[in-house]
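Asker: Here are the chains, one letter per residue:
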Amino acid sequence: MNATATRFGIWMALVPLLIAILGLGLQGLAIIDTSLFFTWGYFLEVLIAGLLQGVLYSLVALGFVLIFKASGIFNFAQGSMVLFAALTMVGFIEMGLHWTLAFILAAGVMVVLAIVIEKVVLRPMVNQPHIILFMATIGIFYFLDGFGQTLWGSDVKVLDIGIPKDPMFVLPNVFEGGILINSFDLVAALVGAVLVAVLAVFFQYTRVGRALRAVADDHQAALSVGIPLKTIWAIVWSVAGIVALVAGIMWGSKAGVQFSLALIALKALPVLILGGFTSIPGAIVGGLIIGAGEQVAEVFLGPLVGGALQDWFAYMLALGFLLFRPQGLFGEKIIERI
Amino acid sequence: MFYREAGQFKTSYSADQAIFPIRQDRLGLLLLGLVAVFAVPALANNYFLETIFVPFLVFAMAALGLNLLTGYCGQLSLGTGGFMACGAFFSFKLATAFPELHIVVVFLLAGLGTAGVGVLFGLPSLRIKGFYLAVATLAAQFFLVWMFNKFNWWTNYSPSGVISAPPREIIPGFFVTGNEASPAAKYVFLLIFVAVLALIAKNLVRSRTGRSWMAIRDMDIAAEIIGIRPLWAKLSAFAVSSFYIGISGALWAFVYTGSVEALAFQIDRSFQVLFMVIIGGLGSILGSFLGAAFIVLLPILLNNAPAALGIPLKVELISHLEFMIFGALIIFFLIVEPHGLARLWQIGKEKLRLWPFPY
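Residue numbers (this note's numbering), protein chains in the order written: chain A, 1 to 338; chain B, 1 to 359.
These aren't lab readings, by the way, just hints derived from the structure by calculation.
Don't take each hint at face value.
Said to hold, decoys possible - Straight-line Cα separation of at most 25 Å, DSS-like style, residue types lysine-lysine; simulated pairs: (1) A:157 to A:254; (2) B:351 to B:10; (3) B:314 to B:10; (4) A:230 to A:69; (5) A:157 to B:349; (6) A:69 to B:129.
The task is simple: from the sequences and hints, build the whole structure.
Answerer: Spelled out as structure tokens, the structure:
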């Protein structure tokens with residue numbers, strides 16, 4: 001834990017340096033190729049927008065990490081859980097409930113869903129190879145997509161829980177025109193931070209949290225000291241479901257609740273690679289890097305190749321990263337020579 | 001009773017190592033081949049040929065390719081769609097740039113090109129494995145589709161980004177691509193092409209190369225210790241698998257749909273092929289065919305079942321229900337038989353040997 005903290009600190013200290021180098025590089029590029037546009041104010045604006053976008057990626061990645069840590073299952077269905085949770089939430093709101101009540105009910109639905117998944121899908125598949133469990137979660141992905149849309153319809157829905165969406169201008173006297181920040185993104189970042197803090201406390205200081213960490217560490221040892229593995233799995237999936245609900249609310253109020261929400265899960269995969277599959281801080285930092293990286297690449301490098309860099313930039317970044325640091329920034333180092 | 005190898009003695013090594021050692025299998029396969037070549041085109045109407053048999057063969061090819069990589073060499077790949085797109089666009093560029101080139105040569109060259117791309121994206125497999133590799137192959141998927149979609153050099157500057165297969169003959173007067181090609185001609189061409197390549201694949205996995213793949217899959221460290229070079233084994237698996245997938249992409253564009261855009265090879269396609277492999281059976285050539293048949297037939301059945309049963313449903317609802325049933329079936333299959341349809345067939349064969357006696 002201490003080593004992780006130190007490494008975290010080092011990376012944090014490097015961040016301003018990296019940003020400065022990136023900015024200088026782009027500035028140089030803009031001098032060489034006059035079709036590119038660059039000012040420091042605009043660069044920071046894009047960077048911040050990217051970072052805040054990255055928070056939302058982190059929220060999705062967080063759900064993956066929770067389940068992977070506790071059960072070694074790569075849960076492909078996380079994205080459809082996000083969609084399903086958001087759809088359920090909107091459905092309850094449309095019934096005329098206040099959003100807090102709808103949130104509690106939707107969280108309840110996600111817990112029930114987690115228990116059902118544990119009972120119906122995971123329990124019969126204990127001891128199967130990981131790839132089979134992974135495939136099963138793809139099955140869950142399809143099922144939930146279809147189920148959610150059968151239940152609640154497939155129109156694009158508006159999810160509004162009263163988060164302010166006004167643009168704000170900060171530091172107007174340092175940069176010309178100031179830096180534009182969307183207050184919604186700030187709220188999302190705040191929610192993400194609170195969620196991580198709550199999870200950290202939950203994992204660190206509660207009885208269930210300790211059991212979860214024990215299971216994550218070693219299944220056999222946890223079983224032998226009397227931790228009920230199946231209950232723990234149900235709890236982990238429930239927690240992941242609630243994280244999915246929060247992510248779904250954030251994404252849903254930003255972009256509308258629609259099918260494409262399920263696909264943002266794919267964007268969470270490079271985040272995981274960057275951060276490491278088993279690290280919660282990794283998911284956060286990875287999300288920030290991916291978010292900022294792809295925004296900056298799209299805005300400042302996109303014109304060179306005709307745009308839509310966003311589609312693949314994150315994956316290529318992750319791919320390049322894998323070659324140098326296969327275990328991710330904070331992942332467990334598994335020594336294997338192949 | 002009828003399916004029993006009693007009395008079939010092997011008197012030479014070559015007979016013992018034959019690809020189908022049991023006489024009933026050989027006869028059955030011959031019969032199946034005859035039915036597929038002569039009876040199916042004669043009996044099935046164009047609709048069945050176009051919507052079931054042609055896509056089945058194209059998908060079987062793709063599943064075969066992915067099965068070589070995932071089933072035999074144990075490298076999980078989600079980039080199938082991207083590699084299919086490679087095959088489709090390579091063959092389009094080749095066919096339009098060199099019109100005198102024979103179409104089969106075009107397909108094979110496109111497959112070779114895809115193999116090169118596959119090796120490139122297979123390089124990370126030397127350092128990572130499992131889910132990390134799966135994510136790495138996603139990079140191939142998104143990058144390749146983006147590239148074919150973005151640079152219209154690949155589509156010969158067609159404004160819509162759609163490529164249309166030029167008409168080509170396999171033997172003079174016998175068109176297999178373009179508007180003049182009859183479904184039956186396409187079907188027979190595909191059947192022979194896929195059967196030959198499947199036979200090659202079947203022999204490949206029985207060879208030294210295939211065995212080295214399986215050794216890597218089962219335990220890579222042990223394989224390295226007994227002298228198998230992981231670099232060579234993994235990259236050759238990527239190359240051969242991409243070759244097959246590339247050809248299936250070319251067949252998709254040229255023979256099945258006739259015109260295609262890069263967006264037809266999105267991530268969904270990768271999953272579709274992966275499902276075929278898993279449901280058919282990992283590490284089984286026969287399984288690739290069974291899985292492809294299952295996945296091609298299932299949506300057609302699901303689409304037609306409500307109408308046939310007289311339950312009126314909205315189109316939208318049907319598509320959602322299709323998703324649900326699809327997902328549920330996959331989970332069901334994985335729980336009941338994680339080794340896929342091919343394993344069911346094996347169990348069936350065991351039962352057949354004993355039938356009608358209990359043991």
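Asker: Now, for every hint given, state plainly whether the structure supports it.
Answerer: Comparing the hints with the structure gives:
no., hint, verdict
1, A:157 to A:254, "holds (11 Å)"
2, B:351 to B:10, "holds (23 Å)"
3, B:314 to B:10, "violated (60 Å)"
4, A:230 to A:69, "holds (15 Å)"
5, A:157 to B:349, "violated (52 Å)"
6, A:69 to B:129, "holds (18 Å)"
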